[in-house]
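Line by line, the protein sequences are chains A and B. Be aware that the first sequence starts at 6, since it is given in our numbering, and climbs by one per residue. Be aware that the second sequence starts at 6, since it is given in our numbering, and climbs by one per residue.
Treat the hints as calculated values from the structure; they're not laboratory data. Do not take every clue at face value.
[Claimed, not checked] Heads up, simulated SDA-like pairs for lysine to any residue below, C-alpha to C-alpha not over 25 angstroms straight-line: (1) 314/B / 136/A; (2) 314/A / 270/A; (3) 314/A / 394/B; (4) 50/B / 365/A; (5) 51/A / 368/B; (6) 333/A / 324/B; (7) 333/A / 93/B; (8) 51/A / 94/A; (9) 258/A / 310/B; (10) 258/A / 229/B; (11) 333/B / 321/A; (12) 333/B / 329/A; (13) 51/B / 329/A.
There are 2 protein chains.
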Amino acid sequence: MSNVIEVNGRRYPMMKQPVVIVCVDGCEQEYINQAIQAGVTPFLKKMVEQGTILSGDCVVPSFTNPNNLSIVTGVPPSVHGICGNYFLDREANQEVMMNDAKYLRAGTILAAFSDAGAKVAVVTAKDKLRGLLGHKMHGICFSAEKADQVTLEQNGIENVLELVGMPLPSVYSAELSEFVFAAGVRILEQQSPDLMYLSTTDYIQHKYAPGTPGANAFYAMMDHYLTQLDALGAVIGLTADHGMNAKTDGAGKPNVIYLQDVLDAQCGSGTTRVILPITDPYVVHHGALGSYATVYLNDGTDLNKVAAKINAIFGIELVLTRDEAAKKFELPADRIGDLVVVSERLTVIGTAATRHDLSELTLPLRSHGGISEQRVPLIFNRKLAPIPSDHRLRNFDVMYLAMNSAI
Amino acid sequence: MSNVIEVNGRRYPMMKQPVVIVCVDGCEQEYINQAIQAGVTPFLKKMVEQGTILSGDCVVPSFTNPNNLSIVTGVPPSVHGICGNYFLDREANQEVMMNDAKYLRAGTILAAFSDAGAKVAVVTAKDKLRGLLGHKMHGICFSAEKADQVTLEQNGIENVLELVGMPLPSVYSAELSEFVFAAGVRILEQQSPDLMYLSTTDYIQHKYAPGTPGANAFYAMMDHYLTQLDALGAVIGLTADHGMNAKTDGAGKPNVIYLQDVLDAQCGSGTTRVILPITDPYVVHHGALGSYATVYLNDGTDLNKVAAKINAIFGIELVLTRDEAAKKFELPADRIGDLVVVSERLTVIGTAATRHDLSELTLPLRSHGGISEQRVPLIFNRKLAPIPSDHRLRNFDVMYLAMNSAI
Chain A
6 MSNVIEVNGR RYPMMKQPVV IVCVDGCEQE YINQAIQAGV TPFLKKMVEQ GTILSGDCVV
66 PSFTNPNNLS IVTGVPPSVH GICGNYFLDR EANQEVMMND AKYLRAGTIL AAFSDAGAKV
126 AVVTAKDKLR GLLGHKMHGI CFSAEKADQV TLEQNGIENV LELVGMPLPS VYSAELSEFV
186 FAAGVRILEQ QSPDLMYLST TDYIQHKYAP GTPGANAFYA MMDHYLTQLD ALGAVIGLTA
246 DHGMNAKTDG AGKPNVIYLQ DVLDAQCGSG TTRVILPITD PYVVHHGALG SYATVYLNDG
306 TDLNKVAAKI NAIFGIELVL TRDEAAKKFE LPADRIGDLV VVSERLTVIG TAATRHDLSE
366 LTLPLRSHGG ISEQRVPLIF NRKLAPIPSD HRLRNFDVMY LAMNSAI
Chain B
6 MSNVIEVNGR RYPMMKQPVV IVCVDGCEQE YINQAIQAGV TPFLKKMVEQ GTILSGDCVV
66 PSFTNPNNLS IVTGVPPSVH GICGNYFLDR EANQEVMMND AKYLRAGTIL AAFSDAGAKV
126 AVVTAKDKLR GLLGHKMHGI CFSAEKADQV TLEQNGIENV LELVGMPLPS VYSAELSEFV
186 FAAGVRILEQ QSPDLMYLST TDYIQHKYAP GTPGANAFYA MMDHYLTQLD ALGAVIGLTA
246 DHGMNAKTDG AGKPNVIYLQ DVLDAQCGSG TTRVILPITD PYVVHHGALG SYATVYLNDG
306 TDLNKVAAKI NAIFGIELVL TRDEAAKKFE LPADRIGDLV VVSERLTVIG TAATRHDLSE
366 LTLPLRSHGG ISEQRVPLIF NRKLAPIPSD HRLRNFDVMY LAMNSAI
């Protein structure tokens, strides 16, 4: 095996100890801080003392798919192409899902290491990510959601339910993430992968605030499995795809800007089309409401006028043109709208009120998508080499940092 | 008594029922939301159902004094003059405290109502605010901090410890705020004021995150006293001086920009002077670290160059010139620096590292001062008349809204 693997212009050393990268979905740093304060996560506390605790910026839109893909490619969406769950195909005038690997424009670090002869394993909570994460990768790759359908041929492993010793979890549960961790421990024990990527779901973070019992129980569970991964000798690098904030008033009522309704009323129906790239098949816990939207304008619609209308809405943080957004957030310009809109920390953006079903929101809305959810943890169970002070740390540096610590 | 009292250009109706305005120091809306979720605040829950729940913007800098003064004058600091605890007297080259009423440039609603014959009472947690709040007001005005030194002549009331039935609380305690509420209930019961202003301290909010046991206990205590104020027939209007956010990484380490150190290194020692208007005699719970600073430049120092240096620092959200800041935040231009600097939600600004003693910070830093702490609750135990949709609600609308609901 070669000593250095180059992927998307970055050079990664071949590891001498197993490296486990954990992406904790929706892990606002305060979850970890409060869990440590509550005394329920002794291993995280030990990482504070014996490892390295950093913060970094995730990709905006602070959604799951763009960030998971950045973490496994080491580059922003301008390079890998995945900038949300949906974009608008102008030709077909149709919203298109970007879950298919055909939309991926860069190879993954996982695939490159497996090509170079490393044993690689990926376990993701939801199946929507599996195809993208496992693209062109040899090794183990499956989702907790479909752990009962895993085959050696398709997923590089079989009998996963038996291996893990847990029943198939519901897609809306803390157990879906626990299954990921439990599987990670078993795989590390029994198959000794060189590189493993574990990616959870933010079901709990959408429901529970940092430091509250539901959140602390999740982090205590995580702590238990991290302890085992550490005991098995893994170099652990932990980050998040995005943070998480309350999006409500003091009574728990969501602060929603129904942007399509506003624009239809102010600019005329049919002149604009609001796309919410957070939309995916699993919307129960956030009602497809996040702090980021893109707006496509019909021919002849005045871009500056629409931008000014949006800027005047209470709760909007930022409106950028396609080019400005592509530059500022490192996004693929051909897959975002004519305008990119970000709402402030406590506010989310919807399309039309009639298109959002909030009846399943049994708890006050917590969500993400904006700049307010950009800062995420970068935590390691090893001391890292010094990092140049002018380097802006990103969550997609996690593999680079973990692999360099492992030398 | 006249039917309408005009103060600072706004018209307030003389109340027919007692009006109690509560300023809950550092009450990020999420504290209320999580306390309701935890089931510990039945009265707040009832207010959600039977009263009116709104949000509004406080004054930036999101500090205690500017906002308390805005609430009792109904206008921003550009009118009332108090824009922090400290400003720099250029002539004397000295940092000057603005706690003295001589710095107040506008009359208070409290004084105007007392002049018009209304019975007015003010109870504040810390004594630093008493002089400003009670300026030219007839009636009851004292602080919980010095409740043992209250005299009829000075404070319009006596034997307060006996009246309240609590020992003198420590200035660093939840009891300091409880004393304010308990005194408010006794005064309403026994003296029937027409207008009462209760202002607490954010000792608890600096320590505990929303929904955690220490925070929920505080809000349960508050709920108990609000229940009694309501039962006594008061119209209650509740708001906050500012919100509160964690200012740390995942390990609870504060994210601090020591701005004086950076500027000394980059622009030369003695070319700039960083002032932190959060500084006050009570710094134990935040180490004088907030998300707002002003910078004074010595003659000949290039303003644009310094602004660019500050803008390049990771964690800075906004740098404005004096005029820009005076306009955007409605501040008195003669009492702010040449530059106004705001850091982002998770970051605070210090002067020189050697000037901050963080040894008393026994818990992870939570603080305020920035735009990130601007959104605060506006909660009433009555239904309010409809508010024009283009009115930007402010915390200093609370008296106007409560008095109009009371008609």
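Hint check:
With a C-alpha separation of about 44 angstroms, the suggested pair residue 314/B and residue 136/A falls outside the 25 angstroms cut-off, and the hint is violated. Between residue 314/A and residue 270/A, the direct Cα distance comes to roughly 11 angstroms. Compliance with the 25 angstroms bound is thereby established for this hinted pair. About 15 angstroms separates the Cα atoms of residue 314/A and residue 394/B, which keeps this hinted pair within 25 angstroms; it holds. Pair hint residue 50/B plus residue 365/A holds up; C-alpha atoms about 21 angstroms apart against a cutoff of 25 angstroms.
For the hint pairing residue 51/A with residue 368/B, the CA-to-CA distance comes to about 17 angstroms; that is within 25 angstroms, so the pair holds. A threshold of 25 angstroms between alpha carbons decides the hint, and for residue 333/A with residue 324/B the separation of about 18 angstroms falls inside it, so the pair holds. For the proposed pair residue 333/A and residue 93/B, the alpha carbon gap of about 37 angstroms is over 25 angstroms, so the pair is violated. Distance hint between residue 51/A and residue 94/A is unfulfilled; the C-alpha atoms sit about 49 angstroms from each other, more than 25 angstroms.
Taking the CA atoms of residue 258/A and residue 310/B, the gap is about 44 angstroms. The hint is violated against a cut of 25 angstroms. For the hint pairing residue 258/A with residue 229/B, the CA-to-CA distance comes to about 23 angstroms; that is within 25 angstroms, so the pair holds. Restraint check: the Cα-Cα separation between residue 333/B and residue 321/A comes to about 16 angstroms, which is no more than 25 angstroms; the hinted pair holds. For the given pair, residue 333/B sits about 24 angstroms from residue 329/A by alpha-carbon distance, which is consistent with the 25 angstroms threshold.
At most 25 angstroms may separate the alpha-carbon atoms for a hinted pair to count; residue 51/B and residue 329/A exceed this at roughly 46 angstroms.
The structure fails to meet hints 1, 7, 8, 9, 13 from the earlier list, while all remaining hints are met.
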